[in-house]
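Number of protein chains: 2
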Amino acid sequence: MNIEIASRQLEALGNPTRLGLYRTLVRAGGAGLSVGTLQEKHEIPASTLSHHLRRLIDTGLVTQERQATTLICRAHYPSMNALVGYLVDECCADVGCIVPSSETAA
Amino acid sequence: MNIEIASRQLEALGNPTRLGLYRTLVRAGGAGLSVGTLQEKHEIPASTLSHHLRRLIDTGLVTQERQATTLICRAHYPSMNALVGYLVDECCADVGCIVPSSETAA
DNA sequence: ATGCTATTTCGATATTCATGGAAATAAACT
DNA sequence: AGTTTATTTCCATGAATATCGAAATAGCAT
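Chains as they are written, first to last, in the working numbering: chain A, -14 to 91; chain B, -14 to 91.
Keep in mind the hints are simulated off the structure, nothing from the lab.
Check the hints yourself; a few may be wrong.
Away from chain A, derived, C-beta distances all over 12 Å, residues of chain B [to be verified]: (1) 21; (2) 22; (3) 25; (4) 26; (5) 30; (6) 31; (7) 34; (8) 35; (9) 45; (10) 48; (11) 49; (12) 50; (13) 51; (14) 56; (15) 57.
With the C-beta cut set under 10 Å, the calculated list includes, among others, these residues of chain A facing chain B [unchecked claim]: (16) 2; (17) 5; (18) 68.
Not close to chain A: a few residues of chain B, all C-beta gaps over 12 Å, as computed [to be verified]: (19) 19; (20) 20; (21) 24; (22) 39; (23) 52; (24) 55.
Nothing here was measured: the structure is a model prediction, and the numbers come from that model.
Each residue gets a CB set at the ideal place from its N, CA and C atoms; glycine is no exception.
When you get a sec, could you build the whole thing from the sequences and use the hints?
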């Protein structure tokens, strides 16, 4: 992880539409969701959706796998881990300031 | 925290120059750094720097405090906490996937 | 009030981004 | 080969961003 990659990923998530898409994919878990399902859930034109997905894929935050005619999209957790880790490391380099907000999980 | 705020903060960090500035401020800790010092460290024109800082301030990631003629900038840790917490919560809503990468810090 | 230092705002330009309809491609089925 | 479904690429357009010199402002010192 470096500042170039981190900033590109942050920028990819720094758009409400894309962040919403990513959130949906994260919540969908390992099964993922097809492009068409994402389109229905978010009610955006196919071409617009495709542009946003490309951005998420190009930055490594999302992966796609073809299943016949449909494309399954999945959040790529390792990338998210690395990004959050980068932010946390930067923050905690000098100050112990990160307090996990979801104590329920691990 | 909501998706609007989160995406605006992510976008603010999603620019290599701003992420670099933020990183410098985070590492500077509670003492913060003056705008002039940031300018020297990053070697960018004053007006450009000012625009970037405004963006970080408007999104709540950075605060400024006047000390005579100089303005001291500080990373606002609670905002960073909330943002990282949002990402982690989203991620861990369905899957336990976040592994803290800096085990040294608490 | 004038000058000096620190920083922001103004104004202008080039680049990138977001959006979405229409056409093209991919993959299966007939 | 032709059709249908799923998705992307092409193309165009308006909006937002990034950059930075020059002028303006803020605050202190003289």
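Identify every previously stated hint that the structure contradicts and give their numbers, smallest first. Of the numbered hints, all hold.
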